[in-house]
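There are 2 protein chains.
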Amino acid sequence: MKQLRHWLPILDWGSRYDRATFGADLLAAVIVTIMLIPQSLAYAMLAALPPEAGLYASILPLMAYALFGTSRVLAVGPVAVVSLMTASAVAPVVSAGLADAMTAAMVLALMSGAMLVLMGLLRLGFVANFLSHPVISGFITASGLLIAAGQLGYLLGMGGGGSTLPAVVSRLSEPQGVHPATAGIGVGVLVFLWFARSRLKPLLIRLGLGMTMATVIARAAPVMAIFVTIALSKSFDLGAKGVALVGQVPAGLPVPGLPAADMALIFALAPAAFLISIVGFVESVSVARTLAAKRRERIGPDQELLGLGAANLAAGMSGAFPVTGGFARSVVNFDAGARTPAAGAFTAIGIALAALYLAPLLAALPQATLAATIIVAVLSLVDLPALARVWAWSRHDFAAMLATILMTLGFGVEAGISAGVVLSILLVLWRASHPHSAVVGQVPGTEHYRNISRHQVITTPRVLSLRVDESLWFGNARFLEEKIEALAACSPGLKHIVLMCPAVNDIDASALESLADINRRLMDAGIRFHLSEVKGPVMDRLRRSDFLAGLSGEVFLSQHEAMCRLGEGGDCGPEARKAG
Amino acid sequence: MKQLRHWLPILDWGSRYDRATFGADLLAAVIVTIMLIPQSLAYAMLAALPPEAGLYASILPLMAYALFGTSRVLAVGPVAVVSLMTASAVAPVVSAGLADAMTAAMVLALMSGAMLVLMGLLRLGFVANFLSHPVISGFITASGLLIAAGQLGYLLGMGGGGSTLPAVVSRLSEPQGVHPATAGIGVGVLVFLWFARSRLKPLLIRLGLGMTMATVIARAAPVMAIFVTIALSKSFDLGAKGVALVGQVPAGLPVPGLPAADMALIFALAPAAFLISIVGFVESVSVARTLAAKRRERIGPDQELLGLGAANLAAGMSGAFPVTGGFARSVVNFDAGARTPAAGAFTAIGIALAALYLAPLLAALPQATLAATIIVAVLSLVDLPALARVWAWSRHDFAAMLATILMTLGFGVEAGISAGVVLSILLVLWRASHPHSAVVGQVPGTEHYRNISRHQVITTPRVLSLRVDESLWFGNARFLEEKIEALAACSPGLKHIVLMCPAVNDIDASALESLADINRRLMDAGIRFHLSEVKGPVMDRLRRSDFLAGLSGEVFLSQHEAMCRLGEGGDCGPEARKAG
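Quick note, the sequences are listed as chains H and D, same order.
Under the numbering used here, read the first sequence as residues 0 to 579, first letter to last.
Under the numbering used here, read the second sequence as residues 0 to 579, first letter to last.
Looking at chain H on its own, in the form it has when it is part of the complex (with noise of 0.2 Å):
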């Protein structure tokens, strides 16, 4: 029963679900609603889908969360940088004839949904640490400036798209120009939001209103703009006019089933899906983990990895594109006040009563004013001066967070994530290869062993120590390699050298390897090489090994031991004196 429990949180909160949690629960589901429809609508358009696929989207999926997911509050459904990565990924697929764009979509939730749900079952959510938080950063504010430029072309009815910028930028600057009602409708929808977004909350509480319901008014701003311009686009009938409209939507449920697919689909979805996997779930801790965090709960990452997984798989399940935890909603969700899961579910009907009732009157609703819906919720996304704090911390985070950012812009989603990793995991090769390590000397006096760069120290020319700052791996075995050999070559009196490792948690194959041709190059120059401050546990594993064996010098315990017994102590305690 435990062990179910742990696999479906539903079984532990669900048994203690009483009448006020419900109401809690309720309010925020009827808020979060609000919210989620033309969100829904916006980023399926984003992802270059259907509308009613958007509204699936907030479906099935949340209702798979609730089950498994552990957070009490993250609101799941579709969100922009993932909408972005889902158009980029079924563009190619369609146009190589692979698949049509909803199959595609569907297949791409399903292999992600795959992905998370192994993930999770094998452990393997460190996988998500190659996510650097400069590359995620730089990658989500590319994500929000290339999402927001597509979108411009929607605003002002020149038609919008493009997976880069230099193909936004070459659509806009295409001469047909600015369709004056569609960017009428856009502009102002977009002045509307952006009001409601920031001045119409602290203004109906002036007026006299309660903050629950300034809050759900505020937040009702998206849907008012969606009815109001429903209503001119029929009053003035703007669909003849040249105004693009999003066209039927069927009204009713989702149906679910499995899309078709071939394994040249799945191969060639195969690298988006991963992407996807790792940005959504690493996002969706992210914010997960801050919210739980305020009322001292935990989310497990590894059960939040079946959660998505399973969010996922229902996504492509039932006619939807790839979901995961959107950080305003469940900020929103929290703020409102959920208190379990079972505010998604809510959500989720709510959804599911738009699908069957308000399908039928969007079809006249301006794409312009979706648009505007997009780019006021992704410009919160971009962070440009987190580049300037980056940059004060640190140049090679600097580096990985401005190629995130550069290639995204120029190459597209895919190429922006890979790169940033890529130049990350090179950028911890190179740091790893410049270990801290110094030459160390006696302080006088004491039994203290210091940077002989930086301290007044005693030192012998028969014997020299060097302490490395850090496990011994193959990033840095070659490292050590060198420096020895340079100091070896440097010293022509040289008869021991003392390799002090009080910071040596652990020495892999590689470095095993790199010590055991270290001490044979050493004893073909007649230097004895040795070993002082070995941890514990190392100890045990080298002396498993045979490479004691083979060492033509000591392990001492301390670097004073060993400077006395080689007979070099500048200045060694009254034991020491008399051994020697």
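Copies of the same chain look alike in the list, so a pair counts if it works inside one copy or between any two.
Restricting the straight-line Cα-Cα distance to at most 27 Å, the calculated cross-link-like pairs of lysine-lysine (DSS-like) are: (1) K494 to K293; (2) K482 to K293; (3) K534 to K482; (4) K293 to K200; (5) K482 to K494.
I should point out that these hints are in silico values taken from the structure, not numbers from a laboratory.
Since the structure of chain H is provided, determine the placement of chain D on it from the hints.
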């Protein structure tokens, strides 16, 4: 001038060149030349190229390395593993009709040379650290097995080649069967070479020959095998009896010139060129370093990149294929007394003479003789006991090694080495995401703080101290978030968390962001976040960021100070007690 000497090491050793050095270099060159003639022909066959390409690979590339290389004894030229990688890179390009084999091999050498020079100029030698020892060792073992299996077909007269073990096995099990005359020669040469390698030298010495003479004769065994089998082939007209012969080899020197290449060819060869560069560099530097240490010399890894790069550029411009420093040949060169890179230049002259005057003889040489030469040479590369050694040391390293071997045998050299590199980087991330850390408490009566699960220590429910034993970076930043989240969630009365950082040498932007997130989340949960024992340089950088401004707690010089100042020390010193 000093700068110039740095780039052209020949100016350094050349200025002190004398008659005794000349004598020593010349003797070594004679021995290496005798060894290199059959190897050049054999490795050309292994690379699926005409035999003269092997001779050309041993002329200009050696001259170029003598100018730019830092190792005094490294013998550059065609080697088994790189020849196999060449064959495997060239085959798909040829079958796709992008170029003929010789053009593709020359372009590959040029690209590899250019990459090596670029890495040398940009000091990117650290990229070679990607290749952990288990991966390179597994790769060489698997390549040796693959080469030996592939040559069995030539040895037995069944036709050879095949870039994966399944391909080789299926070829060997084809019904046409063994060709008796070919197999007779092949097996005969194999037994003779094995005998010469392991028994001949001691036998000759026992028979009264001098050491040098015995060495030269033993080393000449492959050349003798060539002459004897050529004589047999001519006497019995073996070619007419179905024994595969080398065929016409044009007499003469390579004519320098660039191959014709288009972008499609360059793109197709780029990954292989990169892998060949890295594998060649890693092998070469390891050999050079081992030999240099014996004379307390040192080699410069970045200059070595230039030397090998120049050698490969020369190969690409003189009708040859990628080269690198060979292990066996370099050891022979060293043992024979080579003192400067001039020995390599003299070897080049020796091979040039062979290309001029020996070539006409080679037409009648049975391919089986070369196959036997290759098999004897590569079986010494196979080190299966290394699997057991690595298994005993570390399961992770064993996994990387086994994956490399299996992927190389099953899917070829490029898949093998890529799988090894990817897996070892994954395992680094896995290790990083499980860093050494411990919740610590006070050892009674002391100012020391130790792991609570290993020592009898004093703790308090209001303060929790966590020590991390590694630098904080994106690989372990999320671990830290999860760990602290878990600790906070399980400790209801907690008011303070102290992160003890005595081993933190570095904090990257991801980890800084994680620390800030941890701080914010703990603040939301009513817990203050403190640091203790932060190293000087790390503290300096933290002061320049805005992290400390937002920190809810304090930074303490020592863990003991932290516990006393937080009013929770089980046993504080007299001063701290007064302050409390």
